[in-house]
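There are 2 protein chains.
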Amino acid sequence: MNNFEFKNPTKIIFGKGTIEKLAKEIPNDAKVLLLYGGGSIKKNGIYDQVKTALGILDVVEFGGIPANPEYAVLMKALKVIKAENITYLLAVGGGSVIDGTKFLSSAALFKGDAPWDILTKNIRTEKGMPFGTVLTLPATGSEMNSGAVITREETKEKLAMGGPGLFPEFSILDPQVIASIPERQLANGLTDAFTHVLEQYMTYPIGALLQDRFAESILQTLIEVAPKVLADPTDYKAAANFMWSCTMALNGLIQKGVPSDWAVHAMGHELTALFGIDHARTLAVIAPSHYKFNFDAKKEKLAQYAERVWNITQGSTDDKAYAAIEKTEAFFNQLGIDTKLSDYTKDYDGTAEEIAKRFADRGWLGLGEHQSLTPEKVEKIVKMAY
Amino acid sequence: MNNFEFKNPTKIIFGKGTIEKLAKEIPNDAKVLLLYGGGSIKKNGIYDQVKTALGILDVVEFGGIPANPEYAVLMKALKVIKAENITYLLAVGGGSVIDGTKFLSSAALFKGDAPWDILTKNIRTEKGMPFGTVLTLPATGSEMNSGAVITREETKEKLAMGGPGLFPEFSILDPQVIASIPERQLANGLTDAFTHVLEQYMTYPIGALLQDRFAESILQTLIEVAPKVLADPTDYKAAANFMWSCTMALNGLIQKGVPSDWAVHAMGHELTALFGIDHARTLAVIAPSHYKFNFDAKKEKLAQYAERVWNITQGSTDDKAYAAIEKTEAFFNQLGIDTKLSDYTKDYDGTAEEIAKRFADRGWLGLGEHQSLTPEKVEKIVKMAY
Numbered sequence: 001m002n003n004f005e006f007k008n009p010t011k012i013i014f015g016k017g018t019i020e021k022l023a024k025e026i027p028n029d030a031k032v033l034l035l036y037g038g039g040s041i042k043k044n045g046i047y048d049q050v051k052t053a054l055g056i057l058d059v060v061e062f063g064g065i066p067a068n069p070e071y072a073v074l075m076k077a078l079k080v081i082k083a084e085n086i087t088y089l090l091a092v093g094g095g096s097v098i099d100g101t102k103f104l105s106s107a108a109l110f111k112g113d114a115p116w117d118i119l120t121k122n123i124r125t126e127k128g129m130p131f132g133t134v135l136t137l138p139a140t141g142s143e144m145n146s147g148a149v150i151t152r153e154e155t156k157e158k159l160a161m162g163g164p165g166l167f168p169e170f171s172i173l174d175p176q177v178i179a180s181i182p183e184r185q186l187a188n189g190l191t192d193a194f195t196h197v198l199e200q201y202m203t204y205p206i207g208a209l210l211q212d213r214f215a216e217s218i219l220q221t222l223i224e225v226a227p228k229v230l231a232d233p234t235d236y237k238a239a240a241n242f243m244w245s246c247t248m249a250l251n252g253l254i255q256k257g258v259p260s261d262w263a264v265h266a267m268g269h270e271l272t273a274l275f276g277i278d279h280a281r282t283l284a285v286i287a288p289s290h291y292k293f294n295f296d297a298k299k300e301k302l303a304q305y306a307e308r309v310w311n312i313t314q315g316s317t318d319d320k321a322y323a324a325i326e327k328t329e330a331f332f333n334q335l336g337i338d339t340k341l342s343d344y345t346k347d348y349d350g351t352a353e354e355i356a357k358r359f360a361d362r363g364w365l366g367l368g369e370h371q372s373l374t375p376e377k378v379e380k381i382v383k384m385a386y
Numbered sequence: 001m002n003n004f005e006f007k008n009p010t011k012i013i014f015g016k017g018t019i020e021k022l023a024k025e026i027p028n029d030a031k032v033l034l035l036y037g038g039g040s041i042k043k044n045g046i047y048d049q050v051k052t053a054l055g056i057l058d059v060v061e062f063g064g065i066p067a068n069p070e071y072a073v074l075m076k077a078l079k080v081i082k083a084e085n086i087t088y089l090l091a092v093g094g095g096s097v098i099d100g101t102k103f104l105s106s107a108a109l110f111k112g113d114a115p116w117d118i119l120t121k122n123i124r125t126e127k128g129m130p131f132g133t134v135l136t137l138p139a140t141g142s143e144m145n146s147g148a149v150i151t152r153e154e155t156k157e158k159l160a161m162g163g164p165g166l167f168p169e170f171s172i173l174d175p176q177v178i179a180s181i182p183e184r185q186l187a188n189g190l191t192d193a194f195t196h197v198l199e200q201y202m203t204y205p206i207g208a209l210l211q212d213r214f215a216e217s218i219l220q221t222l223i224e225v226a227p228k229v230l231a232d233p234t235d236y237k238a239a240a241n242f243m244w245s246c247t248m249a250l251n252g253l254i255q256k257g258v259p260s261d262w263a264v265h266a267m268g269h270e271l272t273a274l275f276g277i278d279h280a281r282t283l284a285v286i287a288p289s290h291y292k293f294n295f296d297a298k299k300e301k302l303a304q305y306a307e308r309v310w311n312i313t314q315g316s317t318d319d320k321a322y323a324a325i326e327k328t329e330a331f332f333n334q335l336g337i338d339t340k341l342s343d344y345t346k347d348y349d350g351t352a353e354e355i356a357k358r359f360a361d362r363g364w365l366g367l368g369e370h371q372s373l374t375p376e377k378v379e380k381i382v383k384m385a386y
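Heads up: the protein sequence lines correspond to chains V and G, in order. Take the first sequence: its letter number 68 is residue 68 in UniProt numbering, and every next letter is one higher. Take the second sequence: its letter number 32 is residue 32 in UniProt numbering, and every next letter is one higher.
Where hints are given, some of them may not hold.
Stated by the list, open to error - Chain V side only, calculated, beta carbon under 7 angstroms to chain G, not exhaustive:
{"#": "1", "residue": "N3"}
{"#": "2", "residue": "F4"}
{"#": "3", "residue": "K7"}
{"#": "4", "residue": "P9"}
{"#": "5", "residue": "G15"}
{"#": "6", "residue": "I206"}
{"#": "7", "residue": "G207"}
{"#": "8", "residue": "L209"}
{"#": "9", "residue": "T221"}
{"#": "10", "residue": "K237"}
{"#": "11", "residue": "A240"}
Quick caveat, the hints were computed from the structure, so don't treat them as lab data. Using N, Cα and C, we set each Cβ at its ideal position, and we do this for glycine too.
Please build the complete structure, drawing on both the sequences and the hints.
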């Protein structure tokens, strides 16, 4: 097991009817900016619940944060923060709204001229404007971690940021919100959380027995609840397990002491930036090819995953490892998620070369748990995913 | 799944050579009280490592905190805190030293006349004197939770306290400390952590799929590493997994959203108070009888535990559940832990009646996950454990 540090101060408030606890978590004298996305919260009743819960707090609103939170839109929100002397941010939404809010938390206190530098210059946020979240879409785990991914349409870039100042002070997780989420988004959330676990687990054995079992526990739980959530999103038991699994998949716990990969995300982000494919679906496109291409480096963990998660106990290590990749792809397909780039666009010619070039231009010369994934290898993996 | 709130702000610093990071975690201007136990840290080198790591910080020392931290001793430490204007506490030890430090953290800021009231009047500590820990004995999980158990010899009482102000600010976990722990203490630590998980798991199914799997993960890991740790405590891989499992067994995570029992601890504490039997050993004495006595209420979870942790897949629910109790008792025995009260004392006559009376006198009329364990039932369980 590798040495590690772990600190996660976010307060989770989980369960039925928890949105009404909102006002207790925000200082009475705060001036709050309520941030949300495309307005679905106004249709499903969550907006009304939040407004009622906020009571007499002084609240300004900013809606319209798009999926893959866009820098230009966030810069408009930043103007509101400055103009209105906002002191507290409240994200009501999924990963995009929460990630956008994290960017604003950092940008609001940023001393430089161009907040985009936070992303391009890898500036760690030690202290941001305080914020909380009401999660409306389980998927990214952003509600209990300190990372964010921001998109800039102008340059077709999608970059990550983070730092200990970016943990939400609190996150309210009411699994009842899942009842009104469209099936497409549910399938995306399941795929996203599942892949988050794989990125932190599907590397090589390092003797972190408990972290491995925790990762497998999340994968098993997602596999168990996925068909139930899709068949009936009002099934509270399935919804609650889905929601908590998504949070635990990326709150830092399972990555402590182990190597992690994240190459699937790095490649997937480019597919979203180039084609606008849903984030989760890009992961399902890249993951099977990535695991096949890096089979030798990952086969021990693939075989362990085969045995413990998919109950594949027959055959050699190679047999089990390969079968596990097939099972993973079949799982995504069963959720209604296509796993080839050509399922999403007919314009894929040259994509692999373009992504490899972008990685080289950014100086990303060795991704993955062994830092061995060169732009040339990235090109091959993306081609395998056509 | 039940509604829950979860917040655990303790910073964990885990791994080889981490004690040297100590000074960075304590404010430069702090006046530190270094608390420790019977002096084993002076023999095994940890004291020297800590003193070196503390560098130029202003440090006063208080040693001699006994196992089952004793109120009278702690009151002497409280006098030192007041006399020396201490501002920061540092526990270097196992659960007893850390629990004692938590009592002092609370008592140092307590406004009342008699700090014992914190325990007898169940006063929650919202804010205590800040403290950190260097863990020298994995077992209790106290290094990452906000609870403590304090003993008062004078009244033969052993009572619990807690509150959000009692999380350590940081805890340093260097698995290398395990190399010098005597076998008896290692066996105790394994048993203690194992039973902590059982208390939060062996109740009834409530559909908390992930919490169940996390609990099973900790049990499986403890079973896997226990013989290795006992055979060779310098085996770093086994030691690291043992240490992290003990912390995760009682840092709040696995108890969120599920019922918990804790009757084994309640009865066990009385055996320590009456006979001075090691805490962990009292749990191993009580647990098998407790599960047999409450068989019908717990058999579904017992059978799940049988299947997933012990791979017992044959037979009826009752068969599997019963076999799991046998496996648990055998596991304790394999660690060198006796599981009958008569193995520890020949003076056990009347113990069951005495404990039942104490529970009744304290108004503890319904322990366990169903609050159904009356003093009469406690008497029967303790008798079964003779």
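Hint-by-hint comparison with the structure:
{"no.": "1", "hint": "N3", "result": "holds (3 angstroms)"}
{"no.": "2", "hint": "F4", "result": "holds (5 angstroms)"}
{"no.": "3", "hint": "K7", "result": "holds (4 angstroms)"}
{"no.": "4", "hint": "P9", "result": "holds (4 angstroms)"}
{"no.": "5", "hint": "G15", "result": "holds (3 angstroms)"}
{"no.": "6", "hint": "I206", "result": "violated (9 angstroms)"}
{"no.": "7", "hint": "G207", "result": "holds (4 angstroms)"}
{"no.": "8", "hint": "L209", "result": "holds (5 angstroms)"}
{"no.": "9", "hint": "T221", "result": "holds (5 angstroms)"}
{"no.": "10", "hint": "K237", "result": "holds (4 angstroms)"}
{"no.": "11", "hint": "A240", "result": "holds (4 angstroms)"}
The structure fails to meet hint 6 from the earlier list, while all remaining hints are met.
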